[in-house]
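Residue numbers (the working numbering), protein chains in the order written: chain L, 3 to 377; chain Y, 3 to 377; chain C, 7 to 296; chain B, 7 to 296.
Careful, some of the hints might be misleading.
[What the hints assert, rightly or not] Chain L side only, calculated, beta carbon under 7 Å to chain C, not exhaustive:
1. R113
2. A216
3. A260
4. D282
Please keep in mind that the hints were generated in silico from the structure rather than gathered at the bench. Where is the CB? At the ideal position from N, CA and C, for every residue including glycine.
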Amino acid sequence: MDIHEYQAAEIFGRYGIPVNPGEVAETPAQAEEIAAKFGTLVAVKSQVHTGGRGKAGGIRIAKTPEAAREAAEAILGMDIKGHVVNKVLIARGADIAREFYLGVVLDRPRRQITIMASAEGGVDIEEVARERPEKIVRALADPELGLHPWQARQVAFQLGLAPELINGFASIVMKLYDAYVKEDATLAEINPLVLTSSGEWIALDSKMSFDDNALFRHPGIEQLRDLAEENATELEARHSGISFVKLDGDIGCIVNGAGLAMATMDAVKLHGGEPANFLDVGGGASAEQVAKAFRLVTADPSVRAILINIFGGITRGDVVAEGITTALGQVDVKVPIVVRLSGTNAEEGRQLLAEAGLTAVDSMDDAAAAVVRAA
Amino acid sequence: MDIHEYQAAEIFGRYGIPVNPGEVAETPAQAEEIAAKFGTLVAVKSQVHTGGRGKAGGIRIAKTPEAAREAAEAILGMDIKGHVVNKVLIARGADIAREFYLGVVLDRPRRQITIMASAEGGVDIEEVARERPEKIVRALADPELGLHPWQARQVAFQLGLAPELINGFASIVMKLYDAYVKEDATLAEINPLVLTSSGEWIALDSKMSFDDNALFRHPGIEQLRDLAEENATELEARHSGISFVKLDGDIGCIVNGAGLAMATMDAVKLHGGEPANFLDVGGGASAEQVAKAFRLVTADPSVRAILINIFGGITRGDVVAEGITTALGQVDVKVPIVVRLSGTNAEEGRQLLAEAGLTAVDSMDDAAAAVVRAA
Amino acid sequence: MSILVDRNTRLLVQGITGREGSFHTTQMVEYGTNVVAGVTPGGKGKEVAGVPVFDTVAEAVAATQPNVSIIYVPARFAPDAIYEAVDNGIPFVICITEGIPVADMVAVYAHVREKGARLLGPNCPGIITPGQAKVGIMPGFIHMPGPIGLVSRSGTLTYEVVDALTKAGLGQTTAIGIGGDPIIGTSFVDALALFEADPETKAIVMIGEIGGTDEEDAARFISERVTKPVVGFIAGRTAPPGKRMGHAGAIISGGAGTAAEKIAALEAAGVPVADRPSAVPALIRAAMAR
Amino acid sequence: MSILVDRNTRLLVQGITGREGSFHTTQMVEYGTNVVAGVTPGGKGKEVAGVPVFDTVAEAVAATQPNVSIIYVPARFAPDAIYEAVDNGIPFVICITEGIPVADMVAVYAHVREKGARLLGPNCPGIITPGQAKVGIMPGFIHMPGPIGLVSRSGTLTYEVVDALTKAGLGQTTAIGIGGDPIIGTSFVDALALFEADPETKAIVMIGEIGGTDEEDAARFISERVTKPVVGFIAGRTAPPGKRMGHAGAIISGGAGTAAEKIAALEAAGVPVADRPSAVPALIRAAMAR
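Next up, chain L with everything else stripped away, as it sits in the complex:
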């Protein structure tokens, strides 16, 4: 789960990280008011769940309250990579001497949490990682004991910081790690972490994402969810225990199992079609789940045909077929449906489906080809 910059800054602040105080505006008038209150140069920053805001023109500097109003006018309503800007953060300008990058992420290959830091801050860190990997300093946290202070200091020394700056930087590293672990984050990032000309550290941009599987122990984080930022259909799906991701094509997919669902999308593409979604209906493929899946898929007007791909394992194919026909009684599906049913009692299932007037086949390839033709 993602949150906005201003929310991440609030969390980082609770952990003792020096963040740049700011306020959120939802209208140009509010933006002007806040800027006037601050009485200084401000940054007007779009609050959307995506990166590259700067390049897209979603961050502007305003020297006067009027300029802040104009900047907010320009940014609010803007579409940045498909995200519409509903809020801007008005933050005081900082006296930047140097910019650093500091992030905490999971190092998957090593199965450990890792600190990443770079003296090249304020830019796209993935680009730095690709093109100048030697500019990135890392430290792996002990999986049982956590990050040690000596590791935080070592990162600071490796960045080439002067002795008097070591403890301040290391302390921010420890706090960011602490926030990451205590809040069950999947990302905690400060970019840029700024050193002012008076030698102070300020987290100028804060970013945090969370482990969906751990939200149960962080009700406060769940409340930070911005529903305007989330795809309503994906949210609805999650509440039904269905994994759903909207895509750009026109072939709706309903599959049991995440891996098979991806393979199904790939098969549609392979046969010349474009999948409209990823959908893993979960284990049993009961009538109820299939009905929900139909509702999710047909909510997308661009869907012109639906491919149901079920491998009957523990669940019997005839039971799945009954589920599909029952679901069709509950949901009015107006586009062609192709069912691929394989595994336990698949033949009986396919017969039941054929009796209900559905195209039911044994092979995934045949089904993909058929649904592309039907669309």
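Dock chains Y, C and B against the given chain L, drawing on the hints supplied.
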């Protein structure tokens, strides 16, 4: 550092352990008032830093407020193993069905924190450990990951608890362990942990001691210190970086190093004397430290002679001798002093001391014999 | 031969009286797996499919000496169940549970390794040695004994490929589902090493998906250490970046973890990669014939 | 021969620029110890007694390849210093620091063991192999090379006994102070095993004190595994129960840890126990003559 039962109960309560609510009285009238407010049978419990309060008559049951007053009258001012009772805890009587013991301590041989539990609660656990060790159930916490819930459950099962009681007991185990670790305790104990006839758990007596070395990170615990319970001289010594323990004899001891200080006490005894104290003056044995040590030792009126035992290691013996003579200029010591000085430049040091009119010898045995004769 | 489970497996089921646990215990017993005990706190004295239930792993171990444990307990209790298993000396633990927080698994993974034990999963279908032991939730009947070792990050997609292999007459030594989470106990590399060392396994099928770099690590390992023919399949060629495709681990992030990269890495290591599951048997036959 | 430190010791000093660290570094260098590097964060480029200072252990290791580290940093930073040493591959770490919280040492002890490293202390005087390497805070001049291995929980009491031994013409292979805390990295048993295996050590002196059961464990170990003569001394016969005698670990609690018990255990294991430090040399001579 030790605290009172009522203080420990307050801490345990903060960790979610069901404790028996009570209030502290310092006068019989307060005791009566609290008992009247409770309007039920109460226990009147002496609050002193020692065990065996029950056997000493320091815990009484009172059925009426008047009886509570009388009990408090009897208990306040009582001397229990050298501890004078200044406070009593008035606690509601509980409907006891079964009594258990539950404690968290350090298992020194294994270098791990251990849970100890017994279905024989409310009695001296050390006696149970000695005489019926099979009645004690243990679980060793993982030194890096802490106590696992399965271990807490296993302790509950091993005590023979019925299935419906397992989670309640295990949850108290987890919370007591949590309190022990988070507060840097050296002991966290509930004895008895009571199961009421309605199936509820109540911690009827709470006990907690803390690691002196970790108090720097627990200012709140330091504030719970009851100065009336501490030996003023020992406290004063601690503030000067001197380890001091009052004993019953008449030979004052001033020694550098804890092991040597114990060996010195033993030597005094071996030569027919009785040490008045344990005193480790610390590393350097500077004039200042020695002067403080003189003040600590001479504060005890029963001291009839003083043995100074210094092994000059890194610190030179002549420097130590100067420290001793300087200290004697600052503190008026009226009892005979025997100095044993050995190690680096010891001969020069002894000569300096002899010139100052002190008995100075080379051997610890000779010194012990001399001081016993002098007393 | 086979890897990790076989006729000598003495299986413990943790969470045996739950809905999933009892259902799959029955299935495993029916398949012929030697399920020796189950654990559910407070369940002592019960039986599930004829299997005795104990309150703690310690009791189950003392009474029945299991050498493998499978875990069907909910996500918030599953890490504790893994600790209970390995701390009581079970050398191989399979965790079926989906939805365990990543932070919990960081510590679990390290601890299991320290104890010298092996974890499979979490969020995996388990492992099966056809005809000997089914330890998981996979449909047993689609499998057939034979020379192919199969390792996969997926569940139903694995069944799809196994079904295709079996229908093509290509049986399996062992099929192992390593799971779809970001942190898993047994990686492709671990499974490949085991198959390489198993004399009965003549060829290996490896089914990956987007996310992480385990397939790339596997490709490197194959080129350096695997002498047996390997055929691959990677799901998620059409998956968009930044979106989690069901499995917590199936996400292309920071431009890394794409199917294209994984396929390229495998092909560079001499591993033919099927463009669809149904193409796997033919590629395996061709690879074995070489 | 000797144990743990000798001419091949390449010593790192953590906290080298502090008051204690710089003083004792000078002393150790003067004794002839091969001190190769020091660490103090922010101290890079400095020198203490001719020893180069680095910011981090990693840098010191890369530049000077130390194989032993000694720690002179304050109690609240000492655990971190131990982790830094062992995580950077130093196999033997000596912690002089007094006053480290017990809870910190529980985790440190476990971690050091996992890493396969050895810790001596904390709250100990260190270790000396006379004439070769002094790694600690003991006065070097009282020691003399010879056939006696000495292990002790105490500081000045050890010097007392060493002095008596030297004056009696009994030199030492190595004298090791294991420290007075409840949790220490190297126990009597560990040191006894090392002396037993050291061909030059002909007899062993073991100096214990009240608190804990390490002396009892040592007695058991001696009766089962030590063939060389051992002589003991136990401080604290007159110590009262429940009172901490200076050292955090020197406390009789719950009736356990008394000097009487320890002496009885040692004598039952055939170890003569001196009633005073000055009696040790004669007992050692008698034991060696047997």
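Going through the hints against the structure:
{"no.": "1", "hint": "R113", "verdict": "holds, 5 Å"}
{"no.": "2", "hint": "A216", "verdict": "holds, 4 Å"}
{"no.": "3", "hint": "A260", "verdict": "holds, 3 Å"}
{"no.": "4", "hint": "D282", "verdict": "holds, 4 Å"}
In the structure shown, no violation is registered for any of the earlier numbered hints.
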